[in-house]
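Q: Sequence:
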Amino acid sequence: MNIIRMGLGASGALAAGAAAATLVGSGTVLSLLTQAVIYAVFAMGVGLLLRQNGMVSFGHALFFGVSGYSMGILLELGLMPAELAIAATLLGIAVIAFIVGLVIVRVPGVAFSMLTLAIGQMAFLSASRARGLTGGADGMNINWPQSLFGLSQSQLHQPAVLFMVCWTVLVLVTLALALLLRSRFGSLTEAVRDNEERARFIGVRTLLPRAAIYALSALVTSLGGVLSALNTGFVSPESLHWSVSGVALMMVVVGGYKALWGPALGAIVYFLFKDVLGDYANHWMAIFGIALITVIVYSPTGIAGVLDRLFKPRKISPVARAASAH
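Note that the working numbering has the sequence shown beginning at 10, numbered continuously upward.
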């Protein structure tokens, strides 16, 4: 029943996205929504790591940016079709992240966050200086083919079409993660997150599932990077900077990491906030920071937590039920 319900929810979300793409006539607004959806995919990767492993990463921009560079290099070399290059990029990043994860997920707490920050900044500096490979500080243009998954470049340049492509990816990622986290693997990773010592005591090998979650979060984030490369046709070292990871973390906190869809909601709120206040305030980020502090203080579970409390049916205790009967 839950699977059917999730399938219906995904179908409804796709229909809502199609309606938005049809009804929103402004190409500028659709472009803004497309950026929000791309960062929603990025934020879901960061939120997944926090939700399932309890770990905060300041280096996930590494996967976001490297996926764009990988696409640019593979397409420039012309070794394979673009569709296969996307698959190779995502698979390669996931495998490398799993291998790296076997080492770094052993590092606890703040030390893990600082380690991911250091690795990410090393990648940023390397991309900035490797002019022959990445274009250096000037960045790299990505030469997409005339057709991608049956869609021509002229179609993909239409804001409504590109929005629907990104929205469909977001919905499918959310559905896939929801199914995975409801499985035995999801329950296992939550048990390891809550009490790793007890999990080890009952014979669970805790390292592999934690490294798998790290790799899965990297895979989701790199998918956002591929969408960003498709949207802009360009990638630069700035996409690897730690501040990009910081923005994604803010989206996770605002939306709420305990709900699977919370980070995506936070990304959409962030971009709407940026668009509205960017026209009226030179320091809109400071205003957003105040809003972020307010959310942390009054609703640590984010906007998703507020919505959950508002719409979740309240359970009536047996004592209250008995009192109301009299």
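FYI, nobody ran anything at the bench for these hints, they're computed from the structure.
These numbers were taken from a predicted model, which means no experiment stands behind them.
Yeah, the Cβ is synthetic: ideal placement off N, Cα and C, and Gly gets one too.
Check before you lean on any hint, since a few could be wrong.
Per label pair, the in silico range of CB-to-CB distance [as the list claims (entries may be wrong)]:
1) Asp317 / Ile128: 27 to 37 Å
2) Ala139 / Ser40: 41 to 51 Å
3) Arg318 / Gly141: 31 to 41 Å
4) Ser196 / Gly101: 42 to 52 Å
5) Ala120 / Glu206: 16 to 26 Å
6) Ser163 / Phe243: 26 to 36 Å
7) Trp153 / Leu100: 12 to 22 Å
8) Ala295 / Ala127: 47 to 57 Å
9) Pro117 / Met89: 34 to 44 Å
10) Gly36 / Phe243: 38 to 48 Å
11) Ser156 / Gly212: 25 to 35 Å
12) Gln155 / Leu319: 13 to 23 Å
13) Leu319 / Val104: 36 to 46 Å
14) Phe210 / Asp284: 21 to 31 Å
Q: Each hint should be assessed against the structure and marked as holding or not.
A: Outcome of the hint check:
1. In this structure the supplied range 27 to 37 Å holds for Asp317 paired with Ile128, their Cβ-Cβ distance being about 34 Å.
2. For the hinted restraint 41 to 51 Å between Ala139 and Ser40, the CB-CB distance of approximately 30 Å leaves it violated.
3. A beta carbon spacing of about 54 Å between Arg318 and Gly141 contradicts the range 31 to 41 Å that was offered as a hint.
4. Against the hinted window of 42 to 52 Å, the Cβ-Cβ separation of Ser196 and Gly101 comes to about 29 Å, which falls outside the hint.
5. The supplied range of 16 to 26 Å is met by Ala120 and Glu206, whose beta-carbon atoms lie about 18 Å from each other.
6. Between Ser163 and Phe243 the Cβ separation comes to about 19 Å, which falls outside the hinted range of 26 to 36 Å.
7. At roughly 20 Å, the beta carbons of Trp153 and Leu100 sit within the given window of 12 to 22 Å.
8. Judged by the Cβ atoms, the range 47 to 57 Å given for Ala295 and Ala127 is violated: they are separated by roughly 28 Å.
9. The hinted range of 34 to 44 Å is satisfied by Pro117 and Met89, whose Cβ atoms lie roughly 40 Å apart.
10. Look at Gly36 against Phe243: about 19 Å separates their beta carbons, and that is not inside 38 to 48 Å.
11. The supplied range of 25 to 35 Å is broken by Ser156 and Gly212, whose beta-carbon atoms lie about 51 Å from each other.
12. The hinted range of 13 to 23 Å is not satisfied by Gln155 and Leu319, whose Cβ atoms lie roughly 48 Å apart.
13. The hint said 36 to 46 Å for the Cβ distance between Leu319 and Val104, and at roughly 42 Å that hint holds.
14. Against the hinted window of 21 to 31 Å, the Cβ-Cβ separation of Phe210 and Asp284 comes to about 51 Å, which falls outside the hint.
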